[in-house]
Every structure is written in C-alpha cells, then in structure tokens.
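Colleague: Residue strings, one per chain:
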Amino acid sequence: MAVDKAMRVLAVDDYQTMLRIISNLLQQLGFRNIDTASSGDEALNKISSNEYGLIISDWNMEPMTGLQLLQEVRSKDKTKAIPFIMVTAESKTENVVAARNAGVSNYIVKPFNAETLKQKISSVLGDF
Amino acid sequence: MRRFTIESNKPKPFKDDATEETQNLDKADNGAENHVTLEKIKDAVTHIVRNELNAWVPPSTDGESAGCDGPQLNAEDKVTKDIFAELGEIQSHIATTRQEIAALKPEEGSQSQFCAAKSELQEIVDATARATNDILSEAEKVSEISGNLTDRLADDQIEAVREDIEALDGASMQIMLACGFQDLTGQRINKVVNTLIFVEEKINRLVELWNIADGTGSSSLVATRAGDERPDQDLLNGPQKDGEGISQDDIDAMFA
Chain X
78 MAVDKAMRVL AVDDYQTMLR IISNLLQQLG FRNIDTASSG DEALNKISSN
128 EYGLIISDWN MEPMTGLQLL QEVRSKDKTK AIPFIMVTAE SKTENVVAAR
178 NAGVSNYIVK PFNAETLKQK ISSVLGDF
Chain A
34 MRRFTIESNK PKPFKDDATE ETQNLDKADN GAENHVTLEK IKDAVTHIVR
84 NELNAWVPPS TDGESAGCDG PQLNAEDKVT KDIFAELGEI QSHIATTRQE
134 IAALKPEEGS QSQFCAAKSE LQEIVDATAR ATNDILSEAE KVSEISGNLT
184 DRLADDQIEA VREDIEALDG ASMQIMLACG FQDLTGQRIN KVVNTLIFVE
234 EKINRLVELW NIADGTGSSS LVATRAGDER PDQDLLNGPQ KDGEGISQDD
284 IDAMFA
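Top to bottom, those sequences are chains X and A.
Note that the working numbering has the first sequence beginning at 78, numbered continuously upward.
Note that the working numbering has the second sequence beginning at 34, numbered continuously upward.
Don't take every hint at face value.
Stated by the list, open to error - In silico PhoX-like pairs for lysine-lysine, Cα to Cα no more than 25 Å straight-line:
#1 X:LYS123 <-> X:LYS155
#2 A:LYS235 <-> A:LYS224
#3 X:LYS187 <-> A:LYS274
#4 A:LYS151 <-> X:LYS169
#5 A:LYS114 <-> A:LYS73
#6 X:LYS82 <-> X:LYS169
#7 A:LYS235 <-> A:LYS73
#8 A:LYS224 <-> A:LYS138
#9 A:LYS75 <-> A:LYS111
#10 X:LYS169 <-> A:LYS224
#11 A:LYS235 <-> A:LYS151
#12 A:LYS111 <-> X:LYS187
Stated by the list, open to error - Label-pair restraints from in silico Cβ distances:
#13 X:ASN101 <-> A:MET209: 18 to 24 Å
#14 A:GLU234 <-> X:ASP204: 55 to 61 Å
#15 A:GLU277 <-> X:ALA79: 51 to 57 Å
#16 X:GLY203 <-> A:MET287: 20 to 26 Å
#17 A:GLY142 <-> X:THR94: 36 to 42 Å
#18 X:GLN93 <-> A:ALA162: 42 to 48 Å
#19 X:GLU119 <-> A:ASP189: 27 to 33 Å
These aren't lab readings, by the way, just hints derived from the structure by calculation.
Heads up, the beta-carbon is just placed ideally off N, CA and C, and yes, glycines get one too.
Make a model of the complete structure from these sequences and hints.
Modeller: Here it is, written out as structure tokens:
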C-alpha cells in the first residue's frame with residue numbers, strides 16, 4: 078500500500094535544530110502536512126485536536142519523556158493505533174525493549190540519515 | 034613538651050597534665066613522627082575532656098525543688114552538657130565530611146567521574162569535527178556544481194540564471210564560514226577540560242588530606258539531574274560511545 082503523503086505528521090523534539098532537520102527530511106520525502114511540538118504536553122494537545130497518520134518523537138525530553146508520550150498515545154482508543162516512531166540517542170538494548178513493550182512502531186537511533194528515516198517510515202506506513 | 038604537627042599549622046601546646054595524655058596516645062602510635070590526622074586530634078580532645086569530666090564530682094541533689102524531673106543543672110553542668118553536645122556535633126560533621134569526600138574518590142579499580150567527563154568532552158570535540166568536515170565537503174560540492182554550471186551553460190543561459198548561481202555561491206560560502214563554530218567550541222571545551230583537571234587535583238588533595246583509603250564514588254557520569262522525577266529516568270543514559278550502544282542493524286533485527 079502506498080503511503081498517503083497528504084497525511085498529517087507530528088514531529089516531537091525539545092531540540093529545535095532536530096525538529097528542523099526532521100521537518101526538512103519529511104518534506105524531502107514528500108510529506109506536506111508536518112506539525113511540530115517541543116514537548117510531550119504540546120504534542121498531546123495537538124494530538125487531541127488533530128488527526129495524525131504518524132508521530133515521530135524524541136525520548137529524552139522534560140518534563141514528559143517520549144516514552145511517556147508513547148504510553149499516553151497508546152492508552153487512548155482514539156490514538157492507540159497511530160504509528161509511532163522513536164528517534165533517539167538512547168541506544169541500549171533495555172531502551173529498545175522498553176519502547177517495544179510500550180508499543181512503539183519502530184525505533185531509530187541518532188545520528189541517522191534520510192534513507193534510514195525513509196525505510197522506517199515505509200516499514201510502518203507502506204512503500205513510498 | 035611534645036608537639037603535634039599538622040601540615041603547615043603548629044597548634045598551641047596542651048597543659049602539662051594533658052600533655053601526659055597526649056604523650057601516651059603518641060606512644061601508642063609507636064612514637065610515630067608528628068604527622069597527625071584530624072581523627073587523632075578528635076580522639077585526643079575526646080579523651081582529655083572525658084578524663085576531666087570523670088574527675089569532676091557532681092553536686093549533691095539534696096534540697097531539689099519539688100516537681101522537677103531531675104537535679105537542677107548548675108552553670109558547670111550546663112557547660113559540660115554543652116561541651117558533649119558540641120563534641121558530638123563535631124564528630125558527626127567529621128564523619129559526614131569523610132563520607133562526602135569518599136564519594137568523590139572512585140571505587141578501587143574504576144576510573145574517576147572526571148576521567149569520564151573529560152572523555153565525553155573529547156567525544157564532543159571529535160563529533161563536531163567530523164560533522165563540520167561533512168558540512169564543508171557538501172558546501173564545496175555546491176560550489177563546484179555552481180562552477181560547473183557556469184562552465185557548461187551558454188552565455189545567454191548563464192545570464193538567465195546568474196542570480197541563482199550567485200546565490201548558490203553565496204550560500205555555500207556562508208555555510209563554510211558558519212562551520213568556523215567548531216574551532217570556537219573546541220576552544221571553549223578545552224577551557225572546561227582544564228577546569229575539570231584543576232578541580233580534580235583539588236579533590237585528590239582533599240582525599241589525601243583526609244586519608245581516605247576506600248572510595249565509594251561511581252565512575253559513571255550522572256545522566257540525569259538530582260530530583261528528576263520522570264518515571265523512566267533510569268533508562269535515560271544519553272548517547273553512548275562508539276561500540277558501546279547497539280547499532281541500528283541490531284535494533285532492526287529486534288523489529289524483524
């Protein structure tokens with residue numbers, strides 16, 4: 078199934094440079110409706126009022142971490158099926174296990190490149 | 034009269050009868066040369082005060098006021114009580130200070146947190162250097178492409194895109210200039226490293242002065258701040274060094 082590039086995508090990271098990079102990469106991959114959030118709370122506000130086809134989030138944020146955001150998203154009927162990709166510097170096995178147990182769709186470790194992002198989005202949404 | 038030497042300070046001599054006590058303590062050290070620790074000073078003072086107090090006879094409790102829980106303290110009793118309380122507090126402070134300093138010394142066989150911190154800072158310098166080189170390479174490619182376009186296009190075609198070509202050249206130059214940040218951050222990081230080395234030396238000196246043999250300090254850097262209440266904060270370790278975290282390929286295998 079081909080990816081619907083008109084879908085709304087939410088990128089979450091407390092580091093503005095990374096948000097800019099991910100937004101630019103998503104645009105280059107053809108996505109046009111890209112929202113950003115700098116915190117878990119801001120992300121939840123946007124998720125409650127918009128319909129997203131994909132969430133891409135950092136893990137190490139304060140006060141709410143990306144893992145907590147994932148758990149919140151998975152705890153609600155309306156949002157539990159949204160594909161959620163963690164993009165993070167946390168690269169220990171226990172991190173990946175914890176994220177999988179919380180229901181993450183895929184996991185990208187920083188630093189990453191455009192091809193990796195494309196592959197992981199394809200793995201959860203379908204081919205480009 | 035025996036004297037103690039504490040590094041650069043020479044204390045005043047004790048009274049003669051106290052001197053005998055300290056002589057006895059010194060002999061117990063097999064006449065060790067006059068290099069005393071704070072521990073020995075504390076022991077000596079405690080010993081002297083205890084002997085003084087043991088020799089003191091408390092006043093008679095006849096004629097106490099009715100309704101009191103115990104004998105009324107006179108001025109001397111109060112001083113005694115105060116002295117013991119102060120000694121107790123001093124002892125507690127000494128023990129706490131020793132514990133805190135021991136926590137700065139790494140456990141046997143492990144590196145200090147300062148070593149780990151310096152290593153992380155070096156990683157920053159190395160990573161920014163690699164990234165800067167990558168950026169410069171790409172900026173140089175843009176500049177080269179712009180040059181190639183100029184060479185290959187006919188004059189009238191160049192005129193049509195001259196503004197864009199000049200903008201490309203300008204942008205690639207700005208990118209290269211911006212990469213100069215790496216030099217400045219490297220210098221700032223060097224200052225931080227030098228400061229860490231300075232602080233580490235002072236702490237090592239404290240450890241030596243307090244004669245702390247066994248450290249209890251961790252060799253790991255502190256990944257999260259004290260008071261971090263995030264429930265998954267024990268999973269927040271930040272970027273790992275090359276070869277220490279798992280790779281994207283390993284992660285992909287977990288999702289296969």
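Colleague: Provide an ascending list of the numbers of those earlier hints which the structure does not satisfy.
Modeller: Structure breaks hints 6, 10, 12, 15, 18, 19.
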